[in-house]
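Asks: Chains as they are written, first to last, in our numbering: chain P, 1 to 272; chain V, 1 to 284.
Treat the hints with care, as some may be off.
Simulated pairs of lysine to any residue, SDA-like, Cα-Cα distance not exceeding 20 Å [stated by the list, open to error]: (1) K194(P) - Y95(V); (2) K194(P) - K58(V); (3) K99(V) - M88(P); (4) K222(P) - F124(P); (5) K263(P) - A97(P); (6) K58(V) - F124(P); (7) K274(V) - Y263(V); (8) K194(P) - A42(V); (9) K194(P) - G224(P); (10) K142(P) - N52(P); (11) K222(P) - N52(P); (12) K58(V) - R49(P); (13) K274(V) - F102(V); (14) K194(P) - L47(V); (15) K222(P) - L118(P); (16) K194(P) - P55(V); (17) K58(V) - A50(P); (18) K263(P) - T195(P); (19) K266(P) - F102(V); (20) K194(P) - V53(V); (21) K225(P) - A42(V).
Keep in mind the hints are simulated off the structure, nothing from the lab.
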Amino acid sequence: MNPELKTNLKAIWGRAYVRVVGANREPSWIVSETVLPVLAVAAYVYVYRALNPDPLFTSLVILGGAMSAYWMNILWSMAMQFYWEKEMGNLDLYMIAPISRMSILLGMAAGGFFFATLRAIAIFVLGIILFQAEFVVTSVWKLFLLFFLSMFALYGMGMLFSSIFMLFGRGAWQTSTLFQEPIYLLGGFYYPVKTLGAAVAALGSLLPITLGLDGMRQLTLKSGKTLGFLSVETEILILVGMSVVFLLAAYYSLLFMERLGKKEGKLSLRWQ
Amino acid sequence: MKDLAGLDYINLRMGSWLGWQIETNWTNLWVYGLYSLARPIASTLILVLIFLVVPQGKLEHPLFVYTYIGNAFFMYVYMVLFGISWVIHEDREHYQMLKYVFIAPRKMYYYLAGRGVAKLAITTFSVLVTLAFGIWVLKIPVDLTEVNYLALGSGLFLGLLCIAALGVILAALSMVTAHHSFYLTEGIAGLFYLISGAIYPIDVLPGWLQTLAQAFPLTYWIELIRRSMNVPLQSQVLSVYSWQELFLVLLISTLVLLIASHYIYRIFERISVKYGLVDRLTNY
Chain P
1 MNPELKTNLK AIWGRAYVRV VGANREPSWI VSETVLPVLA VAAYVYVYRA
51 LNPDPLFTSL VILGGAMSAY WMNILWSMAM QFYWEKEMGN LDLYMIAPIS
101 RMSILLGMAA GGFFFATLRA IAIFVLGIIL FQAEFVVTSV WKLFLLFFLS
151 MFALYGMGML FSSIFMLFGR GAWQTSTLFQ EPIYLLGGFY YPVKTLGAAV
201 AALGSLLPIT LGLDGMRQLT LKSGKTLGFL SVETEILILV GMSVVFLLAA
251 YYSLLFMERL GKKEGKLSLR WQ
Chain V
1 MKDLAGLDYI NLRMGSWLGW QIETNWTNLW VYGLYSLARP IASTLILVLI
51 FLVVPQGKLE HPLFVYTYIG NAFFMYVYMV LFGISWVIHE DREHYQMLKY
101 VFIAPRKMYY YLAGRGVAKL AITTFSVLVT LAFGIWVLKI PVDLTEVNYL
151 ALGSGLFLGL LCIAALGVIL AALSMVTAHH SFYLTEGIAG LFYLISGAIY
201 PIDVLPGWLQ TLAQAFPLTY WIELIRRSMN VPLQSQVLSV YSWQELFLVL
251 LISTLVLLIA SHYIYRIFER ISVKYGLVDR LTNY
């Protein structure tokens with residue numbers, strides 16, 4: 001194997017390994033990543049139940065809650081990560097290491113995806129057990145395709161954010177916070193995005209997770225296409241485009257931000 | 001008890017000042033004002049849309065005002081709880097100065113509470129804007145001339161003390177957990193959101209969760225706030241209490257929590273010093 005490729009593959013594995021093994025050394029993740037997220041989602045289930053006992057709304061919330069795990073991961077473990085690394089003094093080491101910075105980002109994405117998936121599965125399974133959420137899959141292959149395309153595009157977006165956040169000062173934390181509830185609102189995590197109206201839903205669809213979630217609801221809920229914003233086929237096509245665009249944008253943005261950071265001497269600037 | 005009685009006002013004041021600077025001086029005040037409104041307005045609009053999406057819903061539904069007021073005041077729980085407990089991770093892992101705060105000749109307990117005061121000020125602004133938005137834009141039926149301001153003011157004060165005590169307990173737990181326990185704080189806030197009946201009557205919860213809700217002080221706090229604002233009763237379970245009884249339950253539980261938080265904090269502080277956790281970095 002090409003030695004350069006081998007080194008980069010090792011870098012990807014190494015960065016992912018730290019996340020998976022590091023977290024497993026702290027048993028508190030079992031509570032914080034599995035049980036507690038379900039509780040936050042449960043509150044929305046009970047609001048719907050107080051208004052209407054139709055189990056459709058329970059399933060809708062559970063699916064949105066499960067997918068919110070990925071968005072949280074993108075914000076706090078991808079977008080913020082290079083900023084954190086800079087603040088901790090690790091970014092300098094990444095910069096002088098003989099590897100592509102994209103390998104570090106891919107490793108972070110792989111490790112983060114692993115944990116976000118655990119969280120999503122916990123919400124999904126506990127949602128079915130505790131709240132009798134009902135899912136009827138109409139097309140398994142379309143569901144898998146939609147999910148993985150959403151993830152490619154979403155983690156591509158996370159890598160793009162990571163390179164941008166790298167040069168942020170203390171505002172990085174606040175910016176991430178700003179992308180939490182407002183994105184839950186725009187992305188239709190707890191109601192069909194269609195409810196927002198065509199213009200706002202289209203704006204929300206700039207986020208891959210909005211389209212992924214909308215399509216997954218159409219493929220797994222008894223309401224089928226009636227609550228959908230766009231057809232599943234259209235969403236798949238848009239997600240393919242988004243995956244390519246975000247990954248390329250992340251690559252070039254990383255090069256640009258690295259150059260800018262070196263020029264302005266911000267790559268090792270901490271606590272500003 | 002001597003420690004508990006001896007309030008460290010200087011540390012409380014310095015913690016508040018530092019908290020305010022950290023929270024706000026990364027940008028100008030206008031941007032900060034917009035930023036501090038984005039999250040509460042978004043979470044409020046999520047609830048509005050939930051009411052609109054359900055066929056039996058609509059904003060005239062009697063439950064809407066109940067949900068709206070509960071959600072508005074619950075912001076204090078999330079922000080103050082988070083504001084206090086996150087200090088441990090922020091100071092330990094980000095600014096890496098928790099060890100210096102530890103060895104300073106002041107009480108850490110009041111430093112933490114002081115950091116919560118800054119969040120309190122910011123959250124008050126968000127709550128007021130949310131209430132104004134509800135009353136003037138969404139036309140929720142709250143008559144400001146009919147509000148029982150005595151019950152509202154005293155209830156709010158006690159509730160905030162109660163939240164601060166819970167925040168210190170969570171901060172104590174954060175001392176022995178890794179950075180990823182950011183999710184722990186989010187999750188605990190989610191648990192409180194679930195059992196406090198902030199956005200629905202606790203009657204819709206299953207029996208065991210209702211029992212848990214009735215043992216939780218903030219359930220009474222949110223109900224007291226709603227009563228003081230003349231929001232129509234929705235919970236059969238809590239309707240048996242007058243506002244004075246709700247106040248009494250809140251008073252007793254707050255006192256118990258304040259004392260408990262002091263001792264719980266000291267226990268976890270000792271554990272973190274013993275096992276060398278005060279300056280560890282777990283930010284992977």
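Asks: With reference to the structure, classify each hint as holding or not holding.
Replies: Okay, the hints, checked on the actual structure:
no.: 1; hint: K194(P) - Y95(V); in the structure: violated, 43 Å
no.: 2; hint: K194(P) - K58(V); in the structure: holds, 17 Å
no.: 3; hint: K99(V) - M88(P); in the structure: holds, 16 Å
no.: 4; hint: K222(P) - F124(P); in the structure: holds, 17 Å
no.: 5; hint: K263(P) - A97(P); in the structure: holds, 19 Å
no.: 6; hint: K58(V) - F124(P); in the structure: violated, 29 Å
no.: 7; hint: K274(V) - Y263(V); in the structure: holds, 17 Å
no.: 8; hint: K194(P) - A42(V); in the structure: holds, 17 Å
no.: 9; hint: K194(P) - G224(P); in the structure: holds, 13 Å
no.: 10; hint: K142(P) - N52(P); in the structure: violated, 30 Å
no.: 11; hint: K222(P) - N52(P); in the structure: holds, 16 Å
no.: 12; hint: K58(V) - R49(P); in the structure: holds, 15 Å
no.: 13; hint: K274(V) - F102(V); in the structure: holds, 13 Å
no.: 14; hint: K194(P) - L47(V); in the structure: holds, 16 Å
no.: 15; hint: K222(P) - L118(P); in the structure: violated, 25 Å
no.: 16; hint: K194(P) - P55(V); in the structure: holds, 15 Å
no.: 17; hint: K58(V) - A50(P); in the structure: holds, 13 Å
no.: 18; hint: K263(P) - T195(P); in the structure: violated, 46 Å
no.: 19; hint: K266(P) - F102(V); in the structure: violated, 30 Å
no.: 20; hint: K194(P) - V53(V); in the structure: holds, 10 Å
no.: 21; hint: K225(P) - A42(V); in the structure: violated, 27 Å
In summary, the structure is inconsistent with hints 1, 6, 10, 15, 18, 19, 21 from the numbered list given earlier, while agreeing with the others.
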